[in-house]
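Student: These are the residues of each chain, in order.
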Amino acid sequence: MADPRFFAVAGPFGLGQLADLAEARLADGADPNAEFTDVAPLETAGPGNVSFLDNKRYVDAFRVSRAGACVVHPSVAPEAPAGMLLLLTDKPYRGYARIAQAFYPRLGRADSTIHPTATVDPKAVLGKQCRVEAGAVIGAGAEIGSGCRIGPNAVIGEGVVLGEDCVVGACASLSHCLVGSRVVIYPGVRIGQDGFGFAMDAAGHEKVPQLGRVIVHDDVEIGANTTIDRGSGPDTVIGAGCMIDNLVQIGHNVQLGRGCVVVAQAGIAGSTRLEDFVIVAAQAGVIGHVTIGRGARLAAQCGVMRNVAPGENVGGSPAMPLRQFMRQVATLARLAKRTEV
Amino acid sequence: MADPRFFAVAGPFGLGQLADLAEARLADGADPNAEFTDVAPLETAGPGNVSFLDNKRYVDAFRVSRAGACVVHPSVAPEAPAGMLLLLTDKPYRGYARIAQAFYPRLGRADSTIHPTATVDPKAVLGKQCRVEAGAVIGAGAEIGSGCRIGPNAVIGEGVVLGEDCVVGACASLSHCLVGSRVVIYPGVRIGQDGFGFAMDAAGHEKVPQLGRVIVHDDVEIGANTTIDRGSGPDTVIGAGCMIDNLVQIGHNVQLGRGCVVVAQAGIAGSTRLEDFVIVAAQAGVIGHVTIGRGARLAAQCGVMRNVAPGENVGGSPAMPLRQFMRQVATLARLAKRTEV
Amino acid sequence: MADPRFFAVAGPFGLGQLADLAEARLADGADPNAEFTDVAPLETAGPGNVSFLDNKRYVDAFRVSRAGACVVHPSVAPEAPAGMLLLLTDKPYRGYARIAQAFYPRLGRADSTIHPTATVDPKAVLGKQCRVEAGAVIGAGAEIGSGCRIGPNAVIGEGVVLGEDCVVGACASLSHCLVGSRVVIYPGVRIGQDGFGFAMDAAGHEKVPQLGRVIVHDDVEIGANTTIDRGSGPDTVIGAGCMIDNLVQIGHNVQLGRGCVVVAQAGIAGSTRLEDFVIVAAQAGVIGHVTIGRGARLAAQCGVMRNVAPGENVGGSPAMPLRQFMRQVATLARLAKRTEV
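Chains as they are written, first to last, in the working numbering: chain A, 1 to 341; chain B, 342 to 682; chain C, 683 to 1023.
Everything labelled a hint here was simulated from the structure, so no lab data went into it.
Since the structure is predicted, the reported quantities are computational estimates derived from the model, not experimental observations.
Every residue gets a Cβ at the ideal spot worked out from N, C-alpha and C, and that includes glycine.
Some clues are possibly wrong.
Below, a list of computed lysine-lysine pairs in the PhoX-like style, where the Cα atoms sit at most 20 angstroms apart [said to hold, decoys possible]:
1) C:Lys-773 <-> C:Lys-810
2) A:Lys-91 <-> A:Lys-56
3) A:Lys-91 <-> C:Lys-1019
4) A:Lys-337 <-> C:Lys-1019
5) A:Lys-207 <-> B:Lys-432
6) C:Lys-773 <-> B:Lys-548
7) C:Lys-1019 <-> B:Lys-678
The calculated label-pair distances, taken between Cβ atoms and stated as ranges, are [what the hints assert, rightly or not]:
8) B:Glu-499 <-> C:Ser-757: 51 to 59 angstroms
9) A:Ala-77 <-> B:Gly-545: 48 to 56 angstroms
10) C:Gly-823 <-> B:Gly-449: 44 to 52 angstroms
11) B:Gly-449 <-> A:Thr-113: 36 to 44 angstroms
12) B:Arg-450 <-> C:Asp-772: 42 to 50 angstroms
13) C:Arg-988 <-> B:Gly-449: 32 to 40 angstroms
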């Protein structure tokens, strides 16, 4: 069970109720009234716990797990140990997510509290039920929607707008940005600073004023120590539902569509546009001024130097269609092996 | 026009005056007394705005722009829409930079203010017209030059020296460093912490005390969440006019010459030296203990394992002359295609 | 000598005493009673200084150094300038580390001080001789061991446990973690935030509650702006004596064994396990759910997509045995050259 120093568990819940949340169906013989008190990984789960199997690497752990119930794909149901109750769904990870959210719900709104060491400018406007932690700073003209939580030592710059129920992590800083609702900004995030815009010149690089903003739509998560520069004139835009991991760089004027996923340490250079549901894997980079089509997938460490078509999968640096990249990798391996003899 | 919540526009300015600032000449028929109230991107500019065209990708937007005036290279002047007044220069981006700086000048000095929640050690020395924001901390023996602005929750360590008119962003931290004038340090920057120096040993890695400093010369910009370690005995040195982007890593004892450009997520390992005007593109890496010659260009994602000659362009990992890298890329593509059949 | 604004030097020490610390033997004729006042790099050392030579690149500097004494490998002793006293050891860098630690010892414990601007929750527990700097925030239920130093504007979340003599740098933030003793956390580090766990879904990515912790064992160093996510259910674990550089990403559920070294900007994806003494060079990446065997070395910028055997050296992206990678690099160079003609 999760460490009670850090987590409070809800429940118990009946299996039928959990199946509804997971949009799963109960396998034959699973009692919908059986009660469960917590979620747990396959290895450590006990009879009162619900677990899940999503990645085939862990089938062995599934076979011997003592979990009382488990969310699984129907195809692996036959591997289940005797007595385990099964919740069957085509999307077991999503199903587990819903169940775990029930046991560990997000912090609800509480009464408004502004810590005495926080600094809230008299010209800032805070909605109802906001919580401002120790040392946080909110500048003049900022508008903070109801239910927002501003973490310790976070800084909300002048004129920044947050929608409702946003979370800003410890030591994060925001400026020049308009943020939607239910946005989660992790510790150490930097949003809205100047983009990297200057005219290179041997007599001294000439700084170009960065006159745009960062627009973050609803339901976005932005990982720890990630940096998102504001636009140079146009805005930098993060579409609704985007999931951005840690240490990501988003350059000025970049536009992310809805539901994009950008994994750790990836970088998107200035003025590039990602359409909806693009996936950028870890440590990948995309050059400036290109368009990545809807649903495209950029493999880890790839270096994209051109437009990518909708649905295309690319890899390598410079990036190319993923199958072509894999073929090149195989070709080079074969050629090198031949010369070895 | 820029969002007035975040930006205040100066002006209006006459076209002749703007041409002087841009070091541009007016195209035939452009009235030097025509007045302009703002800058704007090609797509959104109106009759009262000055725009620019620097990247050929945007010629189409130029052809249909409603901008009243535009800074352009003479070669694209014939593409201008009817009625647009042109400022002609070989360096349109630089010209635009100067004009935009006039409309949106840097914050000038103001009266000294130390926010009541800031902590300034009695043994710190502040020059005239410094602004210390909420929650900032300035340690004993620090010397802050006139006109500096220390952002909210930033930390200036003991003994740190800043020249005049520096800006330190929110939540940045400096220690063990001497910084010149007009240096801009973005939010979350880390300067002066221990370098990554230890003797590896299975019985326990042995930490090597890091006894140098970070020396930052005048007119440098250091991007958000970038890290610059102090020297191990020699100093880490950032030359005048360097432009460093976000999430860059600069190891101990690294020396950057004047005017170097280091793009986001690049890293320079310990004791490597960059001569003047080197360009390190995004996500590139340079091994320790090598020298990169004046004006060399390191391509995005390259991995430099050796000295690079002045003016050389390199790419690939391990890095090689860029043309050689491009040829290798083409060769492998051809060979893989052949085997496909 | 190190800048007295930032460093206080101990000593002087006799050469014999230094040889003992370095586990070195004095070369013939080196007087064990000769006194030394400081350490210094070869280039700037004078007669009262001890220096070292570890990297053969610097033999030329060694030959003309004015250092009074030098820690060297016996094999280079014949290159020493006349009059230089030598401390001979197979591990000169380690020997120098010990000597430099004597001249510049770590800050000892001092009386407990909690800066008046710090916020320590009444339900937090602090050991003896802790120092809490300006603006630091310590949450309810946190337990801070004796001798810890919490830097300016750092944030220690609710329930976090630190052992003895830890150092937490400026503006770092910790949550959901249990940390051992003598751990050094650099400025801007983020520990314990949510891992990047969600079920991807076009109808909206479904967040998976992250219910584990980060466990950091004794004698670990974690570099500036590095991010370590907490586990999703299992814990994220950093083994004793690990050295982690700046801007590193450690995903949820990752386990590092003892004495691992992870260099700047490298990233380890979720649920991957590193056994003891693995070395991950700069900008390398490791995919999730794999195991890297004891003592393996992952070259800079490599991309590891599979398990790596103990002691194996790998390079390239996708990574392969390092010799194979070097052969492929040579093969491609040769093939491209041939087609050039």
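Student: For a quick check of understanding: which of the numbered hints are violated here, in increasing order?
Tutor: 1, 3, 8, 12 and 13
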